[in-house]
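Q: Turn these sequences into a full structure, and let the hints guide you.
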Amino acid sequence: MIPPPFEYAAPKTIPEAIALLDQDSSAKILAGGQSLIPLMKFRLASPAFLVDINRIDGLEYIHEEGDWLRIGALTRESTLDQSALVHTRYPLLADTTHLIADPTVRNLATLGGNLSHADPANDHPAAMLAYGAQVAVVGPRGSRTIPVDRFFTGPFESVLAHDEILTEIRIPVPKPFSTGAYVKMERRVGDFATAAVAVQLRLDGSGQCLTAGIGLTNVGLTPIKAHAAEQILVGRRLDDSLIREAARLAGEAADPQDDQRGSGDYKRFLVRTLTVRALRSALGRMNGGM
Amino acid sequence: MANHHISLTVNGLKVEADVEPRLLLVYFLRENLNLTGTHIGCDTTSCGACTVHLNGKAVKSCTVLAVQADGGRVKTVEGLVQDGKLHPIQEGFHMEHGLQCGFCTPGMMMAAVSLLEQNPDPTEDQIRWGISGNLCRCTGYVNIVKSIRYAAEKMRAQSSIPQAPVGAVEVKNG
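One line per chain: the protein sequences are A and B, in this order. So the first sequence is residues 1 to 290, counted in our numbering. So the second sequence is residues 1 to 174, counted in our numbering.
Just so you know, not all the hints are guaranteed correct.
As the list claims (entries may be wrong) - Only part of the chain B face toward chain A is listed, based on derived beta-carbon distances under 10 Å:
(1) M1
(2) Y27
(3) G41
(4) L54
(5) K57
(6) K60
(7) L65
(8) G71
(9) H94
(10) H97
(11) T123
(12) W129
(13) G130
(14) G133
To be verified - Taking beta-carbon pairs under 8 Å as the criterion, some of the chain A residues facing chain B (in silico):
(15) I2
(16) P3
(17) P5
(18) P11
(19) G33
(20) Q34
(21) L39
(22) K41
(23) L44
(24) D52
(25) P103
(26) V105
(27) D119
Everything labelled a hint here was simulated from the structure, so no lab data went into it. Where a beta carbon is used, it is the ideal one built from N, C-alpha and C, also for glycine.
A: What follows is the structure, encoded as structure tokens:
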């Protein structure tokens, strides 16, 4: 399969890229290309102009600065997967990255692309909702910061304007006694999730929950933040009955459709099961000293 | 649509061409350069038959534009042979019968070499995870895993020869 014809440019700087996007309202940004190029082959996307941002220096980095882990938008999934910082301090992000597509796809796929593509089946959105992450974007009208819980507006739709570029992802640096996990049910390696659940917790020294973030993958038209499930955990100890109650609420927050991966009822059941597993996995890591 | 001039190295040789932006790297390799060892399987980033190395990393060349490889280094299965001798991964697939129909083999070998460059001594689980982006519909993977283990051992032995004192090798063999 061959994509439809398009014009192509590979600018060296962000202002040049924005100027190119500004010229053509159907222009699309090419980052890792692992979603966009297949969509173009299937004629589900036919941009007249591709702006390849891979030649722009300074968009691939992972470092902590102040209260944030800052990740350049072009950082490859394989780089995240191999990052000692991510593995030791951000287990939820490490889990998520490791389960995206397959190792070969991850060599090109980018974190910024995974988010700005706004596919509710993508894995990072739920993790970023659980973390309470932000994204930095730059456009012709300047730069702005957007909390991830206000980023997704519909399937493949976000608040990004067509001439804005997502440049950085910011995850809060974990405070002491923080933990997290991502649990995904997929039919085979490389498939999208039938359902998946991201959790990020912070406890106090006595095991009481101070903050909780829960994000759901591929069980609605957008990635879903399970607010009620998060709230019921706060201020309490995560015993078995509380975990089950949070899982029930997470299932209620899901709005899954019947499709080839299963019925809506099955996926809602799956969200409950995966929420229990994710919470237990996160707590297990805490007890393991993480 | 304007063509773009690209210049890259493929298996160590410099290549220049004028290409349409929509030309995929796999078609460039197969049709412009006649390097048909790289196969087109699913054409949708699932099967890994088209796996090549771009700037030292394994990528699925059905999901990369040829223009994206401009200025880069590409290695295909044809580039594995060195000085007329099979690469250890090729020898491994030969010795352990790592193929039946052979369609997935070039992509499987390129993914395996990439894995072994990152992890010279992978466990069976790590091998299976490392080739999880490559599908084989004949073998059930058992012999593919054996082939990669064969290559891993051979490559480690080769890389340790220059450092090993001659006496130590003799003792080991004796």
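Q: Checking each numbered hint in turn, tell me which of them this model violates, lowest number first.
A: 3, 9, 10, 11, 18, 21, 23, 27
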